[in-house]
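Sequence lines, in order, name chains A and B.
The first sequence begins at 1 in our numbering and counts up by one.
The second sequence begins at 425 in our numbering and counts up by one.
Note that these hints are calculated values from the structure, not bench results.
For each residue, glycine too, the CB sits at the ideal point set by N, CA and C.
You may find that some hints are simply not true.
[To be verified] DEER-style ranges, computed between Cβ atoms:
1. B:908 with A:40: 50 to 58 Å
2. A:381 with B:687: 42 to 50 Å
3. B:943 with A:43: 41 to 49 Å
4. A:10 with B:617: 50 to 58 Å
Chain residues, written in single-letter form:
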Amino acid sequence: MDTETIYALSSGAPPAAIAVMRISGPDAQAAAAALAGRLPPPRRAGVRTLRSGDSTALDRALVLVFPGPNSATGEDLVELHLHGGRAVVAAVAAALAVQPRVRRAMPGEFTRRALMNGRIDLDQAEGLADLLEAETEDQRRAALARSDGVVGKTLTGWMGALSDAAAMIEAVIDYDEEADVAADHADTWRAMINGTHSEMVALLAQPSVERLRDGMLVVLAGPPNAGKSSLFNALLGRDAAIVTPLAGTTRDVIEAQIVRGGIPYRLCDTAGLTDDTADVVEQIGVDRARALSDRADVILWLGDPQAAPPGAVRVAAKADVAVNGVADIVVSTRSIETIERLWGLLADKARELLSFTSDVAIAEAQRTVIKEVSDLLGAALRETDALISAEDLRIARRRLGSLVGEDPTEAMLDALFGRFCLGK
Amino acid sequence: MKHYDVVVVGGGHAGTEAAAAAARRGATVLLVTQRVDQIGAMSCNPSIGGVGKGHLVREVDALDGLMGIAADDATIHRRMLNRSKGLAVQGPRIQADRRIYRTSIQTQLRTYASLTIIQDEAVALETTGGSISGIRLESGSVVRTRAMVIAAGTFLGGRLFRGHERLDGGRIDERPSQRMSQQLRALDLPITRLKTGTPPRLDGRTIDWSRLERQASDADRWRMSFLPRAHLSLPQLSCAITRTDARGHDVIRAGLSDSPLFAGAIEGSGPRYCPSIEDKVHRFGDRDGHQIFLEPEGLDDHTIYPNGISTSLSRETQDQLIATIAGLERARITTYGYAVEYDHLDPRSLDHRLALHVLPGLFCAGQINGSTGYEEAAAQGLIAGLNAAGHALSLDGFICDRASGYMGVMIDDLVLQGVSEPYRMLTARAEYRLALRADNAETRLTGLGIAAGAVREQRRASFDRRQIMREQARAGENVDVDADVRREIDEDTRYAPYLERQAVEIARMRADRDIAVPAPDTLGGVPGLSTEMIERLRIARPTTLDEASRIRGITPAALSALWLHVRKKA
Numbered sequence: 001m002d003t004e005t006i007y008a009l010s011s012g013a014p015p016a017a018i019a020v021m022r023i024s025g026p027d028a029q030a031a032a033a034a035l036a037g038r039l040p041p042p043r044r045a046g047v048r049t050l051r052s053g054d055s056t057a058l059d060r061a062l063v064l065v066f067p068g069p070n071s072a073t074g075e076d077l078v079e080l081h082l083h084g085g086r087a088v089v090a091a092v093a094a095a096l097a098v099q100p101r102v103r104r105a106m107p108g109e110f111t112r113r114a115l116m117n118g119r120i121d122l123d124q125a126e127g128l129a130d131l132l133e134a135e136t137e138d139q140r141r142a143a144l145a146r147s148d149g150v151v152g153k154t155l156t157g158w159m160g161a162l163s164d165a166a167a168m169i170e171a172v173i174d175y176d177e178e179a180d181v182a183a184d185h186a187d188t189w190r191a192m193i194n195g196t197h198s199e200m201v202a203l204l205a206q207p208s209v210e211r212l213r214d215g216m217l218v219v220l221a222g223p224p225n226a227g228k229s230s231l232f233n234a235l236l237g238r239d240a241a242i243v244t245p246l247a248g249t250t251r252d253v254i255e256a257q258i259v260r261g262g263i264p265y266r267l268c269d270t271a272g273l274t275d276d277t278a279d280v281v282e283q284i285g286v287d288r289a290r291a292l293s294d295r296a297d298v299i300l301w302l303g304d305p306q307a308a309p310p311g312a313v314r315v316a317a318k319a320d321v322a323v324n325g326v327a328d329i330v331v332s333t334r335s336i337e338t339i340e341r342l343w344g345l346l347a348d349k350a351r352e353l354l355s356f357t358s359d360v361a362i363a364e365a366q367r368t369v370i371k372e373v374s375d376l377l378g379a380a381l382r383e384t385d386a387l388i389s390a391e392d393l394r395i396a397r398r399r400l401g402s403l404v405g406e407d408p409t410e411a412m413l414d415a416l417f418g419r420f421c422l423g424k
Numbered sequence: 425m426k427h428y429d430v431v432v433v434g435g436g437h438a439g440t441e442a443a444a445a446a447a448r449r450g451a452t453v454l455l456v457t458q459r460v461d462q463i464g465a466m467s468c469n470p471s472i473g474g475v476g477k478g479h480l481v482r483e484v485d486a487l488d489g490l491m492g493i494a495a496d497d498a499t500i501h502r503r504m505l506n507r508s509k510g511l512a513v514q515g516p517r518i519q520a521d522r523r524i525y526r527t528s529i530q531t532q533l534r535t536y537a538s539l540t541i542i543q544d545e546a547v548a549l550e551t552t553g554g555s556i557s558g559i560r561l562e563s564g565s566v567v568r569t570r571a572m573v574i575a576a577g578t579f580l581g582g583r584l585f586r587g588h589e590r591l592d593g594g595r596i597d598e599r600p601s602q603r604m605s606q607q608l609r610a611l612d613l614p615i616t617r618l619k620t621g622t623p624p625r626l627d628g629r630t631i632d633w634s635r636l637e638r639q640a641s642d643a644d645r646w647r648m649s650f651l652p653r654a655h656l657s658l659p660q661l662s663c664a665i666t667r668t669d670a671r672g673h674d675v676i677r678a679g680l681s682d683s684p685l686f687a688g689a690i691e692g693s694g695p696r697y698c699p700s701i702e703d704k705v706h707r708f709g710d711r712d713g714h715q716i717f718l719e720p721e722g723l724d725d726h727t728i729y730p731n732g733i734s735t736s737l738s739r740e741t742q743d744q745l746i747a748t749i750a751g752l753e754r755a756r757i758t759t760y761g762y763a764v765e766y767d768h769l770d771p772r773s774l775d776h777r778l779a780l781h782v783l784p785g786l787f788c789a790g791q792i793n794g795s796t797g798y799e800e801a802a803a804q805g806l807i808a809g810l811n812a813a814g815h816a817l818s819l820d821g822f823i824c825d826r827a828s829g830y831m832g833v834m835i836d837d838l839v840l841q842g843v844s845e846p847y848r849m850l851t852a853r854a855e856y857r858l859a860l861r862a863d864n865a866e867t868r869l870t871g872l873g874i875a876a877g878a879v880r881e882q883r884r885a886s887f888d889r890r891q892i893m894r895e896q897a898r899a900g901e902n903v904d905v906d907a908d909v910r911r912e913i914d915e916d917t918r919y920a921p922y923l924e925r926q927a928v929e930i931a932r933m934r935a936d937r938d939i940a941v942p943a944p945d946t947l948g949g950v951p952g953l954s955t956e957m958i959e960r961l962r963i964a965r966p967t968t969l970d971e972a973s974r975i976r977g978i979t980p981a982a983l984s985a986l987w988l989h990v991r992k993k994a
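Start from the sequences and build out the full structure, keeping to the hints where you can.
Laid out in structure tokens, this is it:
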């Protein structure tokens with residue numbers, strides 16, 4: 001029986017009306033309870049508010065518990081039926097990832113556990129093998145090939161740098177008495193790890209492939225009746241090349257994707273929500289609007305300019321009615337010219353964002369691994385026992401090796417013997 | 425016609441451990457060697473152990489092998505490498521008096537009543553129904569056996585090179601085993617060439633020691649073996665350190681035209697981590713010098729082994745080179761360095777018992793499998809010997825996995841990945857390095873050895889006693905606990921969080937080990953398995969899903985497909 005608990009989205013990729021997040025393994029119930037509080041009785045659906053560690057409400061979801069062994073995987077299994085927006089799914093996944101002994105499932109892992117515990121018909125399952133090949137190896141190759149191989153080059157470059165750093169630590173360990181090596185390499189390998197670590201941190205701070213593909217996140221925020229919905233509709237006017245309203249997210253946040261002048265945008269209208277609501281559902285909406293604003297690339301603030309969040313574009317809407325206080329831009333939904341001016345401003349912001357972004361953009365799956373590797377490198381740098389640093393680095397290189405398809409031990413040994421004149 | 429359960433060919437570090445291990449497991453054993461007086465000879469450097477290698481010595485000792493005890497008997501200089509680092513990478517290494525070492529091995533072998541030693545040469549294998557059934561010796565006699573261990577070192581097709589000189593031999597002045605080599609090639613086994621080398625030996629009386637930096641033996645008299653023995657400690661000698669310089673490098677460059685390595689006469693690959701001095705100068709041309717350790721070869725022996733200048737340059741170049749080195753200006757060479765090229769078997773044709781897939785009953789150990797080093801050879805010899813006895817007597821196989829010992833790491837690397845250069849043990853190869861320490865080899869392995877009937881009574885009693893001490897130490901009662909046991913338990917505590925993290929990895933590996941995979945020839949048409957994947961599996965022949973997972977280039981998807989296939993068949 002596996003000791004680790006895994007989670008993954010079992011329905012198709014978002015956006016979808018409902019996204020089903022499945023958690024399987026010995027800690028599945030504990031992990032689900034950490035987000036949802038008290039769980040409903042087995043095989044009975046219950047509506048629960050999911051919260052992250054800092055109590056931010058993430059979604060109001062249907063929760064179903066299937067205790068093992070009579071579950072699809074044969075282990076304790078919990079299903080979270082989420083509203084299908086990307087933001088919700090990503091937030092719930094992030095909240096699960098930090099639960100103890102819980103990790104994201106590898107491709108095919110649910111199927112494998114189900115089979116191992118005799119829960120799935122083998123004839124059906126065999127057909128999955130081809131699919132798995134496509135899911136994992138091809139996906140890895142495809143991911144590497146993206147951005148004209150820039151991502152691949154970056155990852156391979158990191159692998160090389162970490163192999164060199166590992167070679168230095170290993171040389172100091174395996175060739176203790178050789179003066180040529182023993183000449184203190186500690187600063188060199190620390191510097192090399194530090195360099196890679198900083199690059200990873202910088203890259204992690206940048207928007208992912210999904211962000212670039214889905215568009216610059218533009219959030220319309222402000223108090224009720226400030227004219228957000230009117231502006232939202234005006235921005236999606238006939239001139240919009242493509243408009244894709246997303247299903248499943250319409251209750252509290254209205255989302256639309258639009259491509260204009262070759263730049264993708266993701267517009268979100270946080271609807272007219274107030275802070276002092278007693279309604280639970282509405283309160284979640286408010287919290288989500290906040291969470292969304294936190295991640296926004298641009299906030300269009302409609303309302304009292306003094307109350308605008310830092311960095312927000314203060315929009316004086318309803319320009320046709322009255323203009324109050326200081327604003328960055330004045331817009332009237334009845335004036336196509338003012339709307340065009342707002343689009344111009346958004347395009348400037350987008351170009352700024354895109355030019356800031358290096359040509360390396362990573363996919364979410366890669367991001368997860370890079371985050372993990374980056375954390376391990378941080379641990380290796382903090383450690384004073386070289387043996388432990390080497391251990392952290394070993395695991396880091398193995399994780400990174402899984403992305404680039406390289407054998408970490410061989411890469412390190414090549415670096416070791418290429419760099420140092422070793423052996424008596 | 426004589427019959428033995430196990431026949432061992434070769435009396436080096438692999439052969440002696442194989443013979444003793446098979447005998448410990450209850451087999452009648454015949455050890456065949458060309459020179460009985462050379463049994464246990466250290467043909468290259470006069471030291472045993474090191475980082476990684478010292479771990480292997482302790483593991484061989486934990487399984488009641490010969491090497492640790494012989495090393496203790498012959499120690500004339502001790503050095504605990506990595507003393508300032510964690511115990512996991514501390515590597516015990518000793519300089520041995522060659523003669524005493526050899527004598528100790530021979531004396532230990534005589535304590536095995538079921539072991540017979542003869543001076544002869546194995547010339548032909550005999551098979552019956554596709555399995556080993558006997559061996560023909562040069563003297564004409566034929567010996568019946570069900571299991572055989574080939575531990576021929578560099579003697580299979582051995583050829584020596586020095587400048588333009590070419591000699592057939594496994595060691596200087598010892599002839600090679602040509603017929604065995606031809607016969608193995610005739611079996612259509614994947615055999616290629618590897619090379620290794622040895623430095624010139626010097627007369628210590630002609631070295632100016634006063635000008636050299638001395639390296640004294642460790643003050644604390646630690647031992648290699650876990651077995652408490654009444655033990656006569658020899659006087660301890662110092663080593664010394666010198667360096668090559670630009671003048672010497674010029675001599676080497678001028679002599680490269682006579683080098684069999686650079687003239688292309690040697691086809692075999694040499695090790696990157698034990699390069700010849702000409703290799704070092706060629707590959708690291710910017711370096712202004714290379715370190716040389718001057719190591720004594722014995723108490724009543726003036727020979728000095730200059731560790732670091734292995735070479736196959738001509739005699740004249742060797743003389744000139746030595747004359748440029750500080751302290752060695754007047755040193756006299758007693759034996760010139762040479763390179764040796766020899767046959768080795770692609771170890772992927774072996775299973776984890778070191779048995780050939782295609783010829784049941786035939787086991788291989790040591791340099792023939794592509795490894796280098798006494799310790800690597802000894803560890804393989806021990807495993808091959810235990811399994812040869814197992815085969816002959818219908819006992820269980822004895823397999824040490826990657827989480828149990830360096831010997832497991834080495835054998836797994838060899839039989840799954842093969843070699844492109846002689847394989848040396850490095851701690852960097854062990855993913856469970858924090859758990860595999862030289863000091864806890866007894867805890868890791870002796871119990872397994874006892875369960876397999878591979879450990880003699882004295883060792884078992886000592887182990888039982890020390891296991892009680894470990895219990896006491898864990899409970900915090902340290903009154904009657906040996907100092908090394910106390911230290912072992914302290915170190916366990918120190919690294920506990922990391923050991924726990926590794927325990928999860930180990931549990932996953934062992935779960936996959938319980939899943940047998942079918943022969944690669946039967947995998948055609950399995951959904952999700954590409955021809956490329958099947959080919960990779962075919963070469964390495966994994967028997968479990970865990971082994972398959974470590975073969976280079978095998979994708980997670982291929983593993984899932986393999987696993988599904990196995991489940992469906994079950």
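Hints violated by the structure (numbers, ascending): Result: no hint breaks.
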